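Protein sequence lines, in the order shown, are assigned to chains A and B.
Using our numbering, you'd call the opening residue of the first sequence number 8 and step up by one each time.
Using our numbering, you'd call the opening residue of the second sequence number 110 and step up by one each time.
Please keep in mind that the hints were generated in silico from the structure rather than gathered at the bench.
A hint or two may mislead.
To be verified - Derived SDA-like pairs: lysine to any residue, alpha-carbon spacing no greater than 20 Å straight-line:
hint : chain 1 : residue 1 : chain 2 : residue 2
1    : B       : Lys286    : A       : Pro27
2    : A       : Lys12     : A       : His50
3    : A       : Lys64     : B       : Arg227
4    : B       : Lys256    : A       : Lys38
5    : B       : Lys286    : A       : Glu49
6    : A       : Lys64     : A       : Lys38
7    : A       : Lys64     : B       : Ala251
8    : B       : Lys129    : B       : Ile147
9    : B       : Lys256    : A       : Thr39
10   : B       : Lys287    : A       : Phe33
11   : B       : Lys196    : B       : Ile147
12   : A       : Lys64     : B       : Lys157
13   : A       : Lys64     : B       : Glu225
14   : B       : Lys258    : A       : Arg37
15   : B       : Lys287    : A       : Thr39
16   : B       : Lys236    : A       : Asp10
17   : B       : Lys157    : A       : Leu31
18   : B       : Lys258    : A       : Lys38
19   : B       : Lys226    : B       : Gly242
20   : B       : Lys287    : B       : Glu218
21   : A       : Lys12     : B       : Ser173
22   : B       : Lys256    : A       : Glu62
23   : B       : Lys157    : B       : Asn228
24   : B       : Lys286    : A       : Met46
25   : B       : Lys280    : A       : Arg30
26   : B       : Lys286    : A       : Lys38
27   : B       : Lys280    : A       : Asp10
28   : B       : Lys226    : A       : Leu54
29   : A       : Lys12     : B       : Glu225
30   : A       : Lys64     : A       : Thr39
Treat the numbers as computed from the prediction; the structure is a model and nothing was measured.
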Amino acid sequence: MDDIKILDAVERYIRGEMNPDERLQFENLRKTNPDIDQMVVEHTLFLQQMNRFGEWKNRVRLNPLN
Amino acid sequence: MKSENNEEALLQGLARNDKKAVETIYRENYNIIQLLVINNNGSADDAKDIFQEAMIVLYEKVRSGTFELNCQIRTYVYSVSRRLWLKRLQQLNRYSPAVENLDGFISVEEEIEEHEKRNAEFEMMDKAIGSLGEPCKSLLEAYYLQKRKMHEIAANFGYTNADNAKNQKYKCLMRLKKIFFTHYKNGNGNG
């Protein structure tokens, strides 16, 4: 698998967009491939950071003065 | 007097970005913050800024999931606003003795420091995404912020298929990470 496909798989896995078969297959891959496992961990953190960034960008909504 | 349950419900509402909760917190607290700022060398616009900032600090706190209400919302918002305003005055080289008085407030130093660090980090991220140009900026925002699916994004942006859009998004993401982390390491991230 090339990097683009790996990232795509990691993201679909984290976002819950895989079907059950694909998910199971990917979970086995994680167990046997420490690099992929590491990528899932790192990318989960990155996605959390992006979520917080998105909230931060929306923060003006908090203020009835705007 | 507000009951504790009521306060808890307001905070939960704030965490959900509930308009009513936000408006209630505003209604019950804005006047006192405005008074604080105006009585201490500030304008009505300064008061608006400070109140907004304090609301964000409170919001971040309730969103973090570890927040326990150990004082009234009013005390918290007032303490944060007071501290923020004092800092602002120092930056502007204006001085106001009244806000220096520490009695009756809770300490919010750590929260404000964290809040400022986070602000700096997100401002940097915002700049980094902006500097990518189009279509990278919109592509990354559609996927990571609006959480849209890649096949939708591909169709919306006019790619012939999702794989090509994924390919482009991958390149954009790598560029973003490079810009963000280079910038971050160059000392703008407060360590």
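A quick look at each hint next to the structure:
Of the pairs offered as hints, the one joining B/Lys286 and A/Pro27 is violated, with about 31 Å between alpha carbons and a cut-off of 20 Å exceeded. Between the alpha carbons of A/Lys12 and A/His50 the distance comes to roughly 14 Å, so the proposed pair stays at or under 20 Å and holds. In summary, the hint linking A/Lys64 to B/Arg227 is supported, as the alpha carbons are separated by about 12 Å, within the 20 Å threshold. Taken as a hint, the B/Lys256 and A/Lys38 pair is broken in the structure, with Cα atoms around 27 Å apart against an allowance of 20 Å.
For the hint pairing B/Lys286 with A/Glu49, the CA-to-CA distance comes to about 13 Å; that is within 20 Å, so the pair holds. Our distance criterion of 20 Å between C-alpha atoms is broken by A/Lys64 and A/Lys38, whose separation comes to about 36 Å. Taking the CA atoms of A/Lys64 and B/Ala251, the gap is near 14 Å; set against the 20 Å cutoff, the hint holds. With a C-alpha separation of about 27 Å, the suggested pairing of B/Lys129 with B/Ile147 is violated against the 20 Å cut-off.
Taken as a hint, the B/Lys256 and A/Thr39 pair is broken in the structure, with Cα atoms around 29 Å apart against an allowance of 20 Å. Between B/Lys287 and A/Phe33 the alpha-carbon distance is near 28 Å, which puts this suggested pair outside the 20 Å criterion. Under the criterion of a C-alpha separation no larger than 20 Å, the hint pairing B/Lys196 with B/Ile147 is consistent with the structure, at around 15 Å. Restraint check for A/Lys64 and B/Lys157: satisfied, since their Cα atoms lie roughly 18 Å apart, inside the 20 Å limit.
Proposed proximity of A/Lys64 and B/Glu225 is supported: the alpha carbons are some 15 Å apart, at most 20 Å. The hinted pair formed by B/Lys258 and A/Arg37 fails the criterion: a straight-line CA distance of about 23 Å is larger than 20 Å. Distance check on the hinted pair: B/Lys287 and A/Thr39 sit about 29 Å apart at the alpha-carbon level, beyond 20 Å; violated. A distance of roughly 26 Å separates the Cα atoms of B/Lys236 and A/Asp10; the hinted pair therefore is violated under the 20 Å criterion.
Taken as a hint, the B/Lys157 and A/Leu31 pair is broken in the structure, with Cα atoms around 52 Å apart against an allowance of 20 Å. A distance of roughly 27 Å separates the Cα atoms of B/Lys258 and A/Lys38; the hinted pair therefore is violated under the 20 Å criterion. Restraint check for B/Lys226 and B/Gly242: not satisfied, since their Cα atoms lie roughly 26 Å apart, outside the 20 Å limit. For the suggested pair B/Lys287 and B/Glu218, the alpha carbons sit about 32 Å apart, so the restraint of at most 20 Å is broken.
For the given pair, A/Lys12 sits about 33 Å from B/Ser173 by alpha-carbon distance, which is inconsistent with the 20 Å threshold. With a C-alpha separation of about 13 Å, the suggested pair B/Lys256 and A/Glu62 falls inside the 20 Å cut-off, and the hint holds. Distance hint between B/Lys157 and B/Asn228 is fulfilled; the C-alpha atoms sit about 18 Å from each other, no more than 20 Å. Taken as a hint, the B/Lys286 and A/Met46 pair is honoured in the structure, with Cα atoms around 14 Å apart against an allowance of 20 Å.
The suggested pairing of B/Lys280 with A/Arg30 is violated, with an alpha-carbon distance near 25 Å, which exceeds 20 Å. Restraint check for B/Lys286 and A/Lys38: the C-alpha separation of about 27 Å exceeds 20 Å, so the hint is violated. For a cut-off of 20 Å, the pair hint linking B/Lys280 to A/Asp10 stands: about 11 Å separates their Cα positions. In summary, the hint linking B/Lys226 to A/Leu54 is supported, as the alpha carbons are separated by about 19 Å, within the 20 Å threshold.
Proposed proximity of A/Lys12 and B/Glu225 is contradicted: the alpha carbons are some 37 Å apart, above 20 Å. A C-alpha spacing of about 39 Å is found between A/Lys64 and A/Thr39, which places the hinted pair above 20 Å, so the restraint is violated.
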